[in-house]
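K.L.:
The listed protein sequences correspond, in order, to chains Y and G.
Letter 172 of the first sequence, counting from 1, is numbered 355 in the working numbering, and no numbers are missing.
Letter 18 of the second sequence, counting from 1, is numbered 201 in the working numbering, and no numbers are missing.
These are calculated hints, taken from the structure and not from any lab test.
Just so you know, not all the hints are guaranteed correct.
Copies of the same chain look alike in the list, so a pair counts if it fits in one copy or across any two.
Derived lysine to aspartate or glutamate pairs resembling EDC-like cross-links, with alpha carbons at most 16 angstroms apart [stated by the list, open to error]:
1. K377 / E448
2. K240 / D260
3. K201 / D291
4. K377 / D260
5. K282 / E198
6. K404 / E230
7. K201 / E397
8. K380 / E409
9. K380 / E401
10. K380 / D255
11. K285 / D362
12. K404 / E437
13. K404 / E287
14. K421 / D209
15. K282 / D323
16. K380 / E233
17. K201 / E400
18. K377 / E233
In this text, all values refer to a predicted model and were calculated from it rather than measured experimentally.
There are 2 protein chains.
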Amino acid sequence: MRRMGHGLHRRVRIEPGKRADLAKIDADDTLGLERDEAEELVRERQERLEVLQGYLKWGAAQALVVLFQGMDAGGKDGAVRQLVAGLNPMIVNFVAFGKPTKEELAHDFLWRIRREVPERGEISLFNRSHYEDVLVVRVDELVPEPVWRPRFEVINTFEAELARQGTTVVKFMLHVSRDEQLERLAERATLPEKHWKHSADDMRKRGQWDAYMEAYEEAIKRTGTEVSPWYVVPADRKWVRNAVVLDTVVHTLEEMRLPTPTPPEDAAEELLNRPAGD
Amino acid sequence: MRRMGHGLHRRVRIEPGKRADLAKIDADDTLGLERDEAEELVRERQERLEVLQGYLKWGAAQALVVLFQGMDAGGKDGAVRQLVAGLNPMIVNFVAFGKPTKEELAHDFLWRIRREVPERGEISLFNRSHYEDVLVVRVDELVPEPVWRPRFEVINTFEAELARQGTTVVKFMLHVSRDEQLERLAERATLPEKHWKHSADDMRKRGQWDAYMEAYEEAIKRTGTEVSPWYVVPADRKWVRNAVVLDTVVHTLEEMRLPTPTPPEDAAEELLNRPAGD
């Protein structure tokens, strides 16, 4: 079981310093998986995730940030939900970074991110992140290039600082095709239960597709590091996306070499032998 | 399908002003459910919950607090996880209220609670709550009775204020038996993956069982209201607990009469007919 998946995380990892040619990465790729196999892998990884989260919390020395980037309707919420099935939501910090508030804009771009970094033993899941400050900010020219370009270095310094403190950052770019995105945006426009996600602005950003791909490619190339690499996930098929994300997060936690609790062997006996009126 | 469950929420609701005789409420009760039926009901309610959360978010006028109280190992985390399966975790605020920090103690007891009240359109799930301030605080005599006793009225005023703003509060007391609790505490003491939940203090609090039951009974009697009733959930069997919690939360949201989005009929057509190079 543990060997299932054939190292999916390795197949979608972008080597540090390498350019990800997004136009050539097939968003509809199955990575050789069958759907049944992928779903079984997700369940297996969710179970393992629960165990690893227990160790992380018990050790209380390391922490994990998992961040999701991608075009609108790329499946960021969906990926989070699959992760959550293997987590105790009470010790996970869920953050969706939207358009910055006035207060957030009055600080440096990492201010709101730093506030949401997990405490030791915990996990933060970010829907969007500090990468928006070199993506939408660049494409919409919200600040001039001399302001956003130095941010690559600021981000690398920030993530290296986290790594030194024992906080690992996993970065996913959920890669959907333009066709699949259109289908999903149409659902949001028409289905009452998905209508809360509908936004007229999504169509405008869709028109900037090529500019976004260029911005993503440079961000990935400039900020992928050995300790904190980027993973570009084929996301047109939700079951492929889920398998890749779960496999990668579990792999990352395994690599963190979390200490394992060793409860005393007689602990249960001692508890159970107490008199009824303890 | 929608009629499944035979009004579970009604069967565990404590009528406002009534005393819940906890010693007489069977924690092992199945409420006449079979396990298969209960699990099917949970899935059905999770699906409905997802739809209702979409309406809540879209309407952005009302909000929901679901709070869980109960003895240690009563299944508060487990109940939250079943709810989460029907929710988008990015728009839920998960809060575990532990031992107050120095900063929290320097304020009134509702200060930390008010900070975590959901914004309009969202849901907060509380693992423990302001009720700790009339439970552990009372049993351990952390403050004298003239301090904690007036809190019942303060709580009622607070929850009535939330109700007037459109925020509904659902209150669960997860009711486990002493035997079942001991089994679960023993697991925490011995299983590496559950060891992070192990706490020596849990055994001490177990010794105060009767004092806790008395405190719960008074809290439930004094703070159950028409708008914000208490539900005492038989929690020895996790599948019974899950069915009751899901049924009750969905019932509560249905009663909130959330407005339903009515997307324009031609929305999808308009999107899909845009030229490829939109």
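K.L.:
Run every hint past the structure and note whether it holds.
P.N.:
Tested hints:
1. K377 / E448: Classified as between; 14 angstroms across copies, 51 angstroms inside a copy.
2. K240 / D260: Between. Shortest inter-copy distance 15 angstroms satisfies the 16 angstroms Cα cut-off; intra-copy 24 angstroms does not.
3. K201 / D291: neither (28 angstroms within a copy, 54 angstroms between copies)
4. K377 / D260: within (12 angstroms within a copy, 28 angstroms between copies)
5. K282 / E198: neither (30 angstroms within a copy, 44 angstroms between copies)
6. K404 / E230: Answer is neither; intra-copy 33 angstroms and inter-copy 40 angstroms both fail.
7. K201 / E397: Within one copy only: 14 angstroms inside a chain, 65 angstroms across chains, cut-off 16 angstroms.
8. K380 / E409: neither (35 angstroms within a copy, 33 angstroms between copies)
9. K380 / E401: Close neither inside one copy (28 angstroms) nor across copies (43 angstroms); limit 16 angstroms.
10. K380 / D255: For K380 and D255, the Cα distance is within 16 angstroms only inside one copy (10 angstroms; across copies 38 angstroms).
11. K285 / D362: neither (35 angstroms within a copy, 53 angstroms between copies)
12. K404 / E437: neither (25 angstroms within a copy, 49 angstroms between copies)
13. K404 / E287: neither (27 angstroms within a copy, 44 angstroms between copies)
14. K421 / D209: So K421 and D209 pass the 16 angstroms test inside one copy only (14 angstroms; across, 43 angstroms).
15. K282 / D323: within (13 angstroms within a copy, 46 angstroms between copies)
16. K380 / E233: between (30 angstroms within a copy, 13 angstroms between copies)
17. K201 / E400: Cα proximity of K201 and E400: one copy only (9 angstroms, versus 64 angstroms across).
18. K377 / E233: Classified as between: cross-chain Cα gap 9 angstroms, same-chain 29 angstroms, threshold 16 angstroms.
Consistency with the previously given hints fails for numbers 3, 5, 6, 8, 9, 11, 12 and 13, ordered from lowest to highest.
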